[in-house]
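Using the sequences and the hints given, assemble the complete structure.
This note's numbering puts the sequence shown at residues 5 to 190.
Incorrect hints may have been included.
Said to hold, decoys possible - Here are the simulated BS3-like pairs of lysine-lysine, each with C-alpha atoms no more than 25 Å apart in a straight line:
1. K50 - K81
2. K81 - K116
3. K113 - K81
4. K116 - K50
5. K113 - K50
Please keep in mind that the hints were generated in silico from the structure rather than gathered at the bench.
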Amino acid sequence: MLALMERLRETGASIDPAEAIDAAIRHWLATSAHAPDAAPRGYQWKTLFLPDGTWLRMAYRGDHEYAIVEGDRIMYKGRAISPNQFASGYADSVRNAWQDISIRMPGEKHWKLAGVRRRELVRAAAAAAAAPTPAAASAPAIAPPPLVASAPCVAPPLPRNTDPGQGWTEPERRKFRFRLEDVAFN
5 MLALMERLRE
15 TGASIDPAEA
25 IDAAIRHWLA
35 TSAHAPDAAP
45 RGYQWKTLFL
55 PDGTWLRMAY
65 RGDHEYAIVE
75 GDRIMYKGRA
85 ISPNQFASGY
95 ADSVRNAWQD
105 ISIRMPGEKH
115 WKLAGVRRRE
125 LVRAAAAAAA
135 APTPAAASAP
145 AIAPPPLVAS
155 APCVAPPLPR
165 NTDPGQGWTE
175 PERRKFRFRL
185 EDVAFN
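In structure tokens form, the structure reads like this:
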């Protein structure tokens, strides 16, 4: 309140401080009613967004483990992990999380592999880019071709060196062509 009164005095405004406060509150209410909603909370997994409440399922050797997206983290057994850590940690081996983790978004009944969801997003984006916009459909039939920027010229790659390296042209020093460890009990 004191800062407002000081500001009004500095600018020489003849408005009453109560009216200034009332105008500021009305302005704030009007702008907050039209303000865009905050971004939804969730976990961004490369191109796939997992909203808050999404379940992740890892199936391995007939058993299932589950993790859930809480806020902007994937929680598994009380700790935040990445999808790769979830897949690899549960299986105790290196796994491809896109192929091994199934996802169920909030409000869905069925599980879908993460890789399938990612491919669906790519197809939907390609279809949206290929679909004509309504403005383009109503444009006149005879329109000048759009200007296309030419790609910069790229020099062709240099030919590969196919000369044998040092020592590769010398005769084989082993007595036999194959080592005994390489032959499986013939």
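The hints, checked one at a time:
1. Our distance criterion of 25 Å between C-alpha atoms is met by K50 and K81, whose separation comes to about 23 Å.
2. A threshold of 25 Å between alpha carbons decides the hint, and for K81 with K116 the separation of about 22 Å falls inside it, so the pair holds.
3. Taken as a hint, the K113 and K81 pair is honoured in the structure, with Cα atoms around 23 Å apart against an allowance of 25 Å.
4. Taking the CA atoms of K116 and K50, the gap is near 17 Å; set against the 25 Å cutoff, the hint holds.
5. Using a Cα cut-off of 25 Å, the hinted pair K113 and K50 holds, with the two alpha carbons roughly 24 Å apart.
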